[in-house]
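Listed here are the chains, written in short residue letters.
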Amino acid sequence: MTLRKRQLVWLGLVVAGGLVLLSAAAAVHGRAAAAAQVNGPLDWAQVEAARDAGQPALSADLPPAQLDPCLHCHISGENANLWTPLARWAVFGTFGLVFVFGVYRSASVWNQRKPWKSLTARTVEWVDERYQVSEPLSKILKKPVPKFALRWWYCLGGITAFLFVVQGITGIMLAFYYKPTAAEAYTSIQFIENEVRFGAAIRMIHHWAANGMIVMCIAHMLRVFIMGAFKAPRELNWVSGVLLLLLTLLFGFTGYLLPWDQRAYWATTVATDIAGSVPAIGSLILVFLRVGWDVSEATLGRFYVLHIIVTPLLTVAFMLVHFMMIRKLGIKKPL
Amino acid sequence: MTTTHPEQENDSVPFYPDHVKTEFYVVVAILVLAFIVGGLGLLSPVGLQDPADSLNTPLHVKPEWYFLALYQLLKYIPPQVLGIDGTIFGVVTIALAFVVVVIWPFLDKKEDSKKAMLVRVVASIVGMIILVALTIWGEVS
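So the sequence lines, in the order shown, correspond to chains A and B.
Residue 124 in this note's numbering sits at position 124 of the first sequence, and the numbers go up by one each step.
Residue 19 in this note's numbering sits at position 19 of the second sequence, and the numbers go up by one each step.
Keep in mind that the hints were calculated from the coordinates and are not lab data.
Check the hints yourself; a few may be wrong.
Stated by the list, open to error - Far from chain A, by Cβ distances over 10 Å, these chain B residues were calculated:
(1) V81
(2) L82
(3) I129
Stated by the list, open to error - Taking lysine-lysine pairs in the BS3-like style, the calculated list, with each CA pair at most 30 Å apart, reads:
(4) K139(A) x K5(A)
(5) K117(A) x K21(B)
(6) K75(B) x K333(A)
(7) K179(A) x K333(A)
(8) K75(B) x K231(A)
(9) K5(A) x K147(A)
(10) K62(B) x K143(A)
(11) K62(B) x K75(B)
(12) K333(A) x K62(B)
(13) K333(A) x K142(A)
(14) K139(A) x K117(A)
(15) K179(A) x K62(B)
(16) K231(A) x K114(B)
(17) K114(B) x K328(A)
(18) K147(A) x K114(B)
(19) K5(A) x K142(A)
(20) K21(B) x K333(A)
(21) K115(B) x K147(A)
(22) K147(A) x K21(B)
(23) K110(B) x K328(A)
(24) K147(A) x K333(A)
To be verified - Quick look at which bits of chain B chain A covers, simulated, 3 or more residues with Cβ under 8 Å:
(25) 51 to 65
(26) 85 to 95
(27) 115 to 124
Every residue gets a Cβ at the ideal spot worked out from N, C-alpha and C, and that includes glycine.
Please model the entire structure based on the sequences and the hints provided.
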């Protein structure tokens, strides 16, 4: 710790003030002590006798007990002694000096403090120092969006994307309990609906959000088609969008079998039959989808993997491409 | 056509927070809807039919509603079209139609106009009516 000149001046003043107070106190108590010398040391028997007799005064030099401003000093005879108050001054005075110095230091530290920053701001700064993310991120976030894109029919694609998120979350929740085997698929759905807390609600949301996603896909596509937003240079936006519709239908197609009830089984049977009637490669598609000639437990396993791994990965990839292309080319200005 | 540039200051809002805020409201609305649907699910669950049985074909076999239109088309196509098996003809036609939808931007390359948009509106409406009609027909039949 180094003391600067200004601080030294203050310290000097405080010490000098302390010394003045100390010498004043010594002078006062010196007088009292001199008086005590005359009267001799305190005799407790005499004090008590005087108190019992209701008589004042141990000595003519001191004021009567009732009038003495320091009754404690009066009784203990402290005012006849210099060292007790001197020691008190030395101890409390030192603490006082330390306290005053502390206040001074605190004030100067407060004056020299860094400007206050929230924890969030400091965290952002910390990350940004290391990875320089704020500049590209703000570029992404500050990208101007034309005002006409705030009309409601421009949010159909966004709704589709969010419904996909809903499907992801509720789908993971269902997958915790679902068992993709012929023996257990049906009962695990029953378990989800009857035993799992909110299982019926989650399945209901998954069911209806799936239908909603297909409806929203088609609505979004119609909007794009009608407004001519597929036209050059946005051809590939359209192509990736149609492929996303196809993936959504594949989601519905593979998910429909999973409850493994009569409706699921026979819907899958007729749907794969249609796929099987494609010329030349029909049988190949049929066998690939059914893993054999009939819908069986193997079909269930295949559809499950297609439903929860393959299609979601492809969808996420195509969605990212779709979004990046939209970002790059912007939203088409309506006619 | 106006000559204003879409990125012009007074013509656009920043993606964040303006546009994100709008999208956020949409998301909240969907979430509320989802919770309502979930609540209804607690009252009356989606439910299940009888367990799958490959030996017992139900009376009315139907695919999912979004395949019903295609299914209906294939069901009522004549057994022989132009000397080709009807189902194969139908499937190939549908596949070709899908390919046309995919590559549509490469076919429709003309400068866009109000008239073309009107044609597209009519085409969309007609297409949707056919699709919905086929779906309903498939559902009730």
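Now for the hints, and whether the structure bears them out:
With 10 Å as the threshold on Cβ separation, the claim that V81(B) sits away from chain A holds: the shortest Cβ distance comes to roughly 13 Å. Distance check on L82(B): its Cβ is at least 14 Å (rounded) from any Cβ of chain A, clearing the 10 Å threshold; non-interface status holds. Remark: the non-interface label on I129(B) is consistent with the geometry, its nearest Cβ contact in chain A lying 12 Å away (cut-off 10 Å). Between K139(A) and K5(A), the direct Cα distance comes to roughly 51 Å. Violation of the 30 Å bound is thereby established for this hinted pair.
Note on K117(A) and K21(B): the hinted pairing holds, with a Cα-Cα distance of about 26 Å set against a maximum of 30 Å. Between the alpha carbons of K75(B) and K333(A) the distance comes to roughly 42 Å, so the proposed pair goes past 30 Å and is violated. For the hint pairing K179(A) with K333(A), the CA-to-CA distance comes to about 49 Å; that exceeds 30 Å, so the pair is violated. Taken as a hint, the K75(B) and K231(A) pair is broken in the structure, with Cα atoms around 35 Å apart against an allowance of 30 Å.
Proposed proximity of K5(A) and K147(A) is contradicted: the alpha carbons are some 64 Å apart, above 30 Å. Under the criterion of a C-alpha separation no larger than 30 Å, the hint pairing K62(B) with K143(A) is inconsistent with the structure, at around 47 Å. Of the supplied pair hints, the one linking K62(B) and K75(B) holds, its CA atoms being roughly 11 Å apart against a limit of 30 Å. Distance check on the hinted pair: K333(A) and K62(B) sit about 42 Å apart at the alpha-carbon level, beyond 30 Å; violated.
Simply put, K333(A) and K142(A) have alpha-carbon atoms about 19 Å apart, close enough for the 30 Å limit, and the pair holds. Between K139(A) and K117(A) the CA atoms are separated by roughly 24 Å; this keeps the pair inside 30 Å, and the hint holds. Between K179(A) and K62(B) the CA atoms are separated by roughly 25 Å; this keeps the pair inside 30 Å, and the hint holds. For the proposed pair K231(A) and K114(B), the alpha carbon gap of about 14 Å is at most 30 Å, so the pair holds.
Simply put, K114(B) and K328(A) have alpha-carbon atoms about 26 Å apart, close enough for the 30 Å limit, and the pair holds. The hinted pair formed by K147(A) and K114(B) meets the criterion: a straight-line CA distance of about 21 Å does not exceed 30 Å. Straight-line distance between C-alpha atoms of K5(A) and K142(A) comes to about 52 Å, which puts the hinted pair past the 30 Å bound. For a cut-off of 30 Å, the pair hint linking K21(B) to K333(A) stands: about 21 Å separates their Cα positions.
Using a Cα cut-off of 30 Å, the hinted pair K115(B) and K147(A) holds, with the two alpha carbons roughly 24 Å apart. A hinted pair counts as satisfied when its Cα atoms are at most 30 Å apart, and K147(A) with K21(B) qualifies at roughly 13 Å. Restraint check for K110(B) and K328(A): satisfied, since their Cα atoms lie roughly 22 Å apart, inside the 30 Å limit. As the CA atoms of K147(A) and K333(A) are separated by approximately 10 Å, the hinted pair is consistent with the 30 Å bound.
Only residues whose C-beta sits within less than 8 Å of a C-beta in chain A count toward coverage, and the region 51 to 65 of chain B has 12 of them, enough to reach three; the restraint holds. Under the rule that three or more residues need a Cβ within less than 8 Å of chain A, the assignment of the region 85 to 95 of chain B holds, with 5 such residues. Three residues within the 8 Å Cβ limit are the bar, and the region 115 to 124 of chain B against chain A gives 5, so the coverage statement holds.
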